[in-house]
Amino acid sequence: MKPASGSADIYLRNDLRELERLRVAVEAFGANYCLPGPLLFELNLALEEWVTNIVAYGYDDTEPHSIAVRISLDTTAEGRHVAIEVEDDARPFNPLEVPPPRLDLPIEERPVGGLGIHFLRRCMDSVAYERVGTRNRLLLRKQVVG
Amino acid sequence: MDITESRQNGFLILTVTGRVDASNASSLEKTLLTAIDGGERRIVVDCAPLEYISSAGLRALLLAAKRVAPGGGALALAALRDEIKEVFDMAGFSAIFRVFPTTGDALAAGR
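Line order of the protein sequences matches chains A and B.
Sequence positions in the first sequence follow our numbering and run 1 to 146.
Sequence positions in the second sequence follow our numbering and run 1001 to 1111.
Next up, chain A with everything else stripped away, as it sits in the complex (with noise of 0.2 Å):
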């Protein structure tokens, strides 16, 4: 019997180290409620590329800072789902106003970075951001198929 809802809390700090920890983390959601590997690597993918981009271009100081992750799963009649938030302290990003990568240029001119955003957007149902205050707030959905 596959769990209906349920939720994960993770607090990392602003460190590309924690990456492995939000690994663990979402494997640890995915095993307890029976999700598929490959939706599993996306949602690591999706969340990795987002906090990266927090921790490598978010602080203007040097001081730590939490970044806080839910993960959680709903079931409705549609379907089951995995929504993601995730909130921080980080400088204003809103990864909707980035304009797509161009990905039909030859190697010499491809830029060399750009795409972990695109990613983000592409892996996942639906993107919503929203500044609270002094916060970003990131929600991600996608559908559990299979």
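Note that these hints are calculated values from the structure, not bench results.
Careful: at least some of the hints might be erroneous.
[Stated by the list, open to error] Below, a sample of chain B positions facing chain A; criterion: calculated Cβ distance under 8 Å:
{"#": "1", "residue": "Glu1005"}
{"#": "2", "residue": "Arg1007"}
{"#": "3", "residue": "Ser1054"}
{"#": "4", "residue": "Ala1056"}
{"#": "5", "residue": "Leu1063"}
{"#": "6", "residue": "Ala1065"}
[To be verified] Label-pair ranges, simulated between beta-carbon atoms:
{"#": "7", "chain 1": "B", "residue 1": "Thr1004", "chain 2": "A", "residue 2": "Arg102", "range": "31 to 39 Å"}
{"#": "8", "chain 1": "B", "residue 1": "Ala1048", "chain 2": "A", "residue 2": "Arg17", "range": "41 to 49 Å"}
{"#": "9", "chain 1": "B", "residue 1": "Ala1048", "chain 2": "A", "residue 2": "Asp15", "range": "40 to 48 Å"}
{"#": "10", "chain 1": "A", "residue 1": "Thr134", "chain 2": "B", "residue 2": "Gly1104", "range": "50 to 58 Å"}
We put the beta carbon where it would ideally sit given N, CA and C, even for glycine.
Given chain A's structure and the hints, the job is docking chain B onto it.
Then chain B, alone, in the frame of chain A:
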């Protein structure tokens, strides 16, 4: 992530095992660029034991491909599992890298 180097038919084969993410992609980048700067022109990245890659890992591969190309070299990729292939497709990399089903195919194509 682990990277092992081997050599066959004049190719440098880099076998990448595990996960390449933003916390360790710089070491893949360093291995590739050091090899290219040391004169390697025919490089195959064997992805058979690669479990995960994000944009940070793709950045390393693109930098290496850009650096090896002007000397007439090429960076080929082999044995991508489905999820990894999907990441390459999303990035449009499947059109700019030569991708082979196996490392053996990559070596045969480069002979």
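Quick one: which hint numbers does this structure break? Sort them smallest to largest.
1, 2, 8 and 9
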